[in-house]
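There are 2 protein chains.
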Amino acid sequence: MSLNDFFCPDSVAVIGAAREEGKVGRTIFDNIIGSGYKGKVFPVNPKASDINGHKCFSSILDVKQDISLAVIVIPAKFISKVLEECSEKGIKYAIIISAGFKETGVKGAKREKRLIEKAKDYGIRILGPNCLGIIDAACPINASFSANMPSKGKISFISQSGALLTSVLDWAKTSKIGFSKVVSLGNKADISENDLFEAWKNDPQTDVITAYLEGVTDGKEFIRISSKASKKKPIIVIKSGNTDAGARAVSSHTGTLAGSNKAYEAAFKQAGIIRADTIKELFDYAKAFSYQPLPKGKKVAIITNAGGPGIMATDACENNGIQLSSFSTETIDKLKCFLPEAANLYNPVDVLGDALSDRYKKALEVIIQDNNVDAVVVLLTPQAMTEDLETARAIFDVMDKSEKKITVMTSFMGGDEVKKGISYLTKKRIPNFEIPESAVSTLKVMMDYNDWRVEKSYPVIEFNVDEEKVKSVFDRCRSEGRLELGELEAREILEAYRIPVPKAEVAHDVEEAKKIAAGMGYPVVLKIVSPNILHKTDVGGIKVGIEDEKELEESYDDILFSVKRYMPDANISGILVQEMVKDKKETIIGISDDLQFGPMIMFGLGGIYVEVLKDVSFRIAPISEKIAREMIGEIKTIKLLKGTRGETPSDIESIVDVLLRMSQLVTDFPEIMEMDINPLFVMKRGEGSIAGDARIRIGG
Amino acid sequence: MSLNDFFCPDSVAVIGAAREEGKVGRTIFDNIIGSGYKGKVFPVNPKASDINGHKCFSSILDVKQDISLAVIVIPAKFISKVLEECSEKGIKYAIIISAGFKETGVKGAKREKRLIEKAKDYGIRILGPNCLGIIDAACPINASFSANMPSKGKISFISQSGALLTSVLDWAKTSKIGFSKVVSLGNKADISENDLFEAWKNDPQTDVITAYLEGVTDGKEFIRISSKASKKKPIIVIKSGNTDAGARAVSSHTGTLAGSNKAYEAAFKQAGIIRADTIKELFDYAKAFSYQPLPKGKKVAIITNAGGPGIMATDACENNGIQLSSFSTETIDKLKCFLPEAANLYNPVDVLGDALSDRYKKALEVIIQDNNVDAVVVLLTPQAMTEDLETARAIFDVMDKSEKKITVMTSFMGGDEVKKGISYLTKKRIPNFEIPESAVSTLKVMMDYNDWRVEKSYPVIEFNVDEEKVKSVFDRCRSEGRLELGELEAREILEAYRIPVPKAEVAHDVEEAKKIAAGMGYPVVLKIVSPNILHKTDVGGIKVGIEDEKELEESYDDILFSVKRYMPDANISGILVQEMVKDKKETIIGISDDLQFGPMIMFGLGGIYVEVLKDVSFRIAPISEKIAREMIGEIKTIKLLKGTRGETPSDIESIVDVLLRMSQLVTDFPEIMEMDINPLFVMKRGEGSIAGDARIRIGG
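Chains as they are written, first to last, in the working numbering: chain S, 11 to 710; chain R, 11 to 710.
Calculated from the structure, these hints are not laboratory results.
Predicted model, so just to flag it, every value in this text is computed and none were measured.
For each residue, glycine too, the CB sits at the ideal point set by N, CA and C.
Mixed in with the good hints there might be a few duds.
As the list claims (entries may be wrong) - Derived Cβ-Cβ restraints for the label pairs, each shown as a range: (1) S:Asp426 x R:Ile342: 45 to 51 Å; (2) R:Asp131 x S:Pro350: 31 to 37 Å; (3) S:Asp519 x R:Ile618: 38 to 44 Å; (4) R:Gly696 x S:Thr677: 50 to 56 Å; (5) S:Ser583 x R:Lys306: 55 to 61 Å; (6) R:Ile342 x S:Gly49: 47 to 53 Å.
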């Protein structure tokens, strides 16, 4: 969807244009006219003959010319009728400013639903309802009721909060930040962030996509669209509302650790979206992306006229894992030529407190020629002789003339005494930051984005599996009215997807158990088998490391005794005798179902690592091999799998395989609500992994 | 030290006052005169008869009246002579503005040292050299060469970077932040942050102490003074320069995990210092502390005219562990009376986009009466009808009239359209923040400080120990030219300080080992004993869990074989047979010596927790019982000691005991450079702890 006619339409009808100043219907009309819009504007209001000197129509049907976009500002209950007229007139896009829909409660939500259904039938795309409208500064058109028309720039912004948008536009005006397209989503009944990301992906007027979102409309689509768009241009999003719904009943490990915020985190990572924590961060990043080239590498040079801020910037680099450039001897020699003796020639370069603009200029000229420099941060404090404006000019001149395009940002620190310099820098598209730390953390975000952009996308692999088998197990469980699958059924599922499970057989008495154990060889594990018992450990239903027949006899009795004591009414089907896996690390792989994004996969080290440290990683299914590797690499305890102190590493490849098979399983069977493989035993490199135990809960 | 005559002296001599405008000696003189200083000012310059119309003296000795403070602006080499005259004149304080000292290299450092020694002899306290001077806005006096005299306020500020100070003063002027006393430390040859903290602790003009420091002069004093001053008023510090010196050779676990940044973190915690990461954070906090009362509790109410920012503030509360107030039904009923139907009556209270100032006013009046509210954050976005200035007035009026003094802060979000409101708020000492998140994180800092302030200080306990024994062991080692103590000597030290060690005895052959083992009972541990081997595990020098005589024989041989293979030249004294401690958790307690703060104690869980997760806590010795408990409670894996899944908790009390004894040991013997008890076995509650192994390195 290009949304071309939506953003810079040939003509606009304002349905509900009002005569009275201050009324929304009047403000929007005035804003369109006042924004310098070059298309035709038709005010529509049956009670008025003209609005502010423009001929008014009593219905859009009276307008002879074609209308590309309708902006609707009439009370909610009349909109349905007007939409019908829009359809008749062949209008493809409508912005519904009016409130009185979902935001007012159940009745309004129903009205909204009916309206959108109707619009779909008519083939009309709707923005809103209950929104502020749109602004396209390049067109130009201000079809919103915000008086602040931003200057023209390359940042496009979506806001799911109208009020926040007014703040941002006011702030942007004061800070002289330009925008391309600005959209207030309102109730997001039809046009959503997905449509806009898709449209802006190829919009030459948009270099950076930014958004304030309180939620996404379609999680899967969001990931699909964003991950493509973010390869073309940065997408920076604030997602607010971190509190998890928490209402869902969760019974698995994965379920307790998951939650909507984890899902958003995972989705943003997979989609290459840059997450900003605050609106300030959002525009710090956006400015830098919009104004400057991406850094080609990760080495940063700092130029300063004061030690303190230089140290601050250095600290920030270290905290962000950014390397300070080591200058070549050539660079050092050149700097030595003109910098005073007391100056620091090494990074950070201190041009000293009495530096005039020329010293900054020469230093910058030399430094950007050094091959070890990918980005420069220029710091300035207003000292007695400091020339803020001249230094700003010098920075721009050097960068403008340079053939080598490297990223430059500044932190001119102070108030009135650096105001002129900052204003010049902003005009010349050199992003200035209040404090050095913000410049550095923005650089870090740009570097990470550069990595993402050049990184290839990998397809999701499809394994050859036995889907029919899984289907039959789920059908059987459902037909028996059971949605929680115990270990034995879970084993069937795993086997169908070729995920290794240990040798195991159910014994119905101790003699049978002995026979099975003798067959598979000691040591073995005994586990209670009962459809009523999901947490076997909690009722004393597991004994591990049974070394011989005698121990087996005792353990068998112990389990039965303990289980009967804790759960006297449990229906016991027998005791599972299972091969004991040796030389292994315990990990956990889980699935939980997210409301927005669907099935989410979790990985972590088992036992206390997951329980106490919550050291786990999440991604949305399906995942590629690359993402599976990322998930494993992301946990803090990864060193334990890689082997500490010369220990043989664990078989990480086999974990990748299980993750991918789990991803396929849950993609094939979205009815899986929760699933844990806990533990997944991981053996030494080359020896594979085995699912020690598993549980599945499916939807009804 | 009160520094009274220093900050608001009766009279000042400017030694080196210059006739030429633009010269530092002239600027300082003009700044003092121009600042409205009411005392006498004597320009001193043998080459001038008058400076800008003021009679000039060729020497301070020519001045008839008393002089309280000398500001020295003459070249470094002449200062020594002038100091002599100051002494003769009975001057007690001098500010040396002049550069040419430590900052220029070895020669300058020597000059500085000589000068300070001389000043000490004369009883003259020195600020600087190489500094900007001081400002006391309450006095008023601007004895600095910064032209920006800040307005009067209650925040005092120390800067170890002169240039940063100029930035801060410029920024403060633009943002209308007032200051009390401002000090540029320069080379900090004499007067340091310690003197100033001590002086400002009781300064009625100072409500909040702030500082930018690149290091501290005397770590122990810093902690002692700060921890007292911070009980009276908040101290907020930026410590820059996080890169660890790293030059010291470290051989212990503790040593590799410690480092100057950890030491500063620990010291700041112990001293109750609030650490700010950026200069922006520093003054966000300072403003709030200076303008508002401390929140009495931790429950926050939010009032907003827009949903989005309300969610942002709520998220920020959750991220900071701050509770949102639950309003009483009375509050809800009262709000219901006047708020529109669509408004949200629950926290965050949404007064809606069309709210005028009166709606804010009434809402605030009701909310602050609720007993569940300890602080209020008022958010405002500039919508069509929003009254920024009137709302600001309303907020001030309500708070001003209210008998209940609770903390209030605002985030008026935007640019020009909220400028007037923000300016009014600032004037009325209601701190406004650009974004809601900053308001909330500042509240969190205030709440934490309130906890610190009311918390009692606990004394350090002194145990009855055998100091003589330790002394003799150290003497013996030193006399043998050894500074690294192995396990056996470390055992002696631990025993002297009554830290439990396992039963153990050295065997010189396998038969002796068998006899010892039989005596103490299996299982046992075998460990190589060699002065050359410090990392026993790395050379195969340890075997644990030896169950019987046969295993002991094998293990004995294995150890000898392995050790000889790895370290053929090691001098082997025997093999230690040690009791095997059962049912225990492994922890680690360590000591490292910090350059600034002296001995630092570390605690963490042993093994992979310390190696892979670096999950440890640090404090500066000596520590109180309360601090020992804090150290233990701070590690992320504390749940493992408290017992997961119904397990019996570990004996945390015994860890407290060992920490305190270690603290005493290292305080009594500062020559301990590094020490590890690794592992410290912790048994079940009530069963104590035992030092499984220990190593000590002492200074020469």
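These are the hints, each one checked on the structure:
In this structure, Asp426 of chain S and Ile342 of chain R meet the distance hint of 45 to 51 Å, their C-beta atoms being roughly 47 Å apart. Roughly 35 Å separates the CB atoms of Asp131 of chain R and Pro350 of chain S, a value that falls within the hinted 31 to 37 Å. At about 42 Å, the CB distance of Asp519 of chain S to Ile618 of chain R agrees with the hint of 38 to 44 Å. At roughly 53 Å, the beta-carbon separation of Gly696 of chain R and Thr677 of chain S lies within the given 50 to 56 Å, and the hint holds.
Our hint of 55 to 61 Å for Ser583 of chain S and Lys306 of chain R holds, since their Cβ atoms are close to 60 Å apart. Judged by the Cβ atoms, the range 47 to 53 Å given for Ile342 of chain R and Gly49 of chain S holds: they are separated by roughly 50 Å.
When the structure is compared with the earlier hints, no violation turns up for any of them.
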